[in-house]
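Note that the protein sequences, when read in sequence, are chains A and B.
For the first sequence, the numbering used here begins at 1 and goes up steadily by one.
For the second sequence, the numbering used here begins at 1 and goes up steadily by one.
If you are wondering where the hints come from, they were derived from the structure by calculation, not from laboratory data.
Incorrect hints may appear among the rest.
[Unchecked claim] PhoX-like mimics (lysine-lysine), calculated; alpha carbons at most 20 Å apart, straight line:
1) B:Lys24 x B:Lys76
2) A:Lys50 x B:Lys76
3) A:Lys95 x B:Lys24
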Amino acid sequence: MNHAAVVPASHGEHPETATGLNTWKLGFWVLLGSETLFFGSLIATYMTYKGESVVGPYPHEILNIPLTSISTFVLLMSSLMMVLALAAVQRGDRKGTLVWLMATALLGSLFLGFQSYEFTHFYHAGLTLETNLFGSTFFVLTGFHGAHVTVGVIWLLVLWAMALRGRLTQADALKVEIAGLYWHFVDIVWIVIFTLIYLIQ
Amino acid sequence: MDSHVRASAGHELQHEAHAHPGPKTYVMVALVLSIITALEVAVFYIPALSPVLVPILLILSAGKFILVVAFYMHLKFDSRLFSGVFVAPLVLAMLVVISLIILFKVLPLYRNV
Numbered sequence: 001m002n003h004a005a006v007v008p009a010s011h012g013e014h015p016e017t018a019t020g021l022n023t024w025k026l027g028f029w030v031l032l033g034s035e036t037l038f039f040g041s042l043i044a045t046y047m048t049y050k051g052e053s054v055v056g057p058y059p060h061e062i063l064n065i066p067l068t069s070i071s072t073f074v075l076l077m078s079s080l081m082m083v084l085a086l087a088a089v090q091r092g093d094r095k096g097t098l099v100w101l102m103a104t105a106l107l108g109s110l111f112l113g114f115q116s117y118e119f120t121h122f123y124h125a126g127l128t129l130e131t132n133l134f135g136s137t138f139f140v141l142t143g144f145h146g147a148h149v150t151v152g153v154i155w156l157l158v159l160w161a162m163a164l165r166g167r168l169t170q171a172d173a174l175k176v177e178i179a180g181l182y183w184h185f186v187d188i189v190w191i192v193i194f195t196l197i198y199l200i201q
Numbered sequence: 001m002d003s004h005v006r007a008s009a010g011h012e013l014q015h016e017a018h019a020h021p022g023p024k025t026y027v028m029v030a031l032v033l034s035i036i037t038a039l040e041v042a043v044f045y046i047p048a049l050s051p052v053l054v055p056i057l058l059i060l061s062a063g064k065f066i067l068v069v070a071f072y073m074h075l076k077f078d079s080r081l082f083s084g085v086f087v088a089p090l091v092l093a094m095l096v097v098i099s100l101i102i103l104f105k106v107l108p109l110y111r112n113v
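Construct the complete structure from the given sequences, taking the supplied hints into account.
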């Protein structure tokens, strides 16, 4: 039997796996699975060394909950902008795609601004990568998360430029969907970080 | 024959998938996420809740996590294979974290008694 004739058509030009699911999407979920293990190891390291610092500054002295609550809200809202961008590209709404993609990138940049402010404040308060175990594990974990957000913002701006040039149409919705999966992943990682590091001190 | 079986499996996985929700659902989810975040911060500042702070925060955080994954990442609507590919390493990562907490934080308490 002709396999190609049986399996339903997938998104755009991307081929399907033997499961009938899109190759790119399935592959990206596998990547997100490996990223989960990566962040899991960083969180495990933080939790293992929690409360083991012998010199300050300690978490309760330095973490700014009101500020981080605002940045958490900003990242959550960026996730909303991202799904609205996906919904816009899926219905062929070019203007909506441009607006929501840019809104997501701007909120992501705002989150990075909050993080830069926080890191600078911690540095001036005497907390660096080398100060104590809290500093080492905190900066590595949140730094890697910030790097992921930065990659996401660049990715979104590339998609926005493609949409501006008319190269991101309804047929390319999968490109936005995969970028969205990445963006929501950095959001859920932050949900865990906000609870385990900032709120459970 | 083999290709026929694989194609049938493909059909089944495809048919499990449902249409993604619309903007109205996305906004509703964002509203719930905002309320849960506000609750998390409020709970943090209520001294009377400090004995049960950790379980409350873990439950609220898990709720936010599930909402984003189910609705924004569409795992509630997409093929179960995507869920399996993501949830399996997630469970493994959680086991690593829990094991290390038991090894380095819980067991030493019993050794010192």
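To see whether the hints hold, each was checked on the structure:
For the hint linking Lys24 (chain B) to Lys76 (chain B), the alpha-carbon distance of about 16 Å falls within 20 Å, and the restraint holds. This hinted pair does not check out: Lys50 (chain A) and Lys76 (chain B) have alpha carbons roughly 35 Å apart, beyond 20 Å. The suggested pairing of Lys95 (chain A) with Lys24 (chain B) holds, with an alpha-carbon distance near 19 Å, which does not exceed 20 Å.
Violation of the numbered hints given earlier is confined to hint 2; every other hint is satisfied by the structure.
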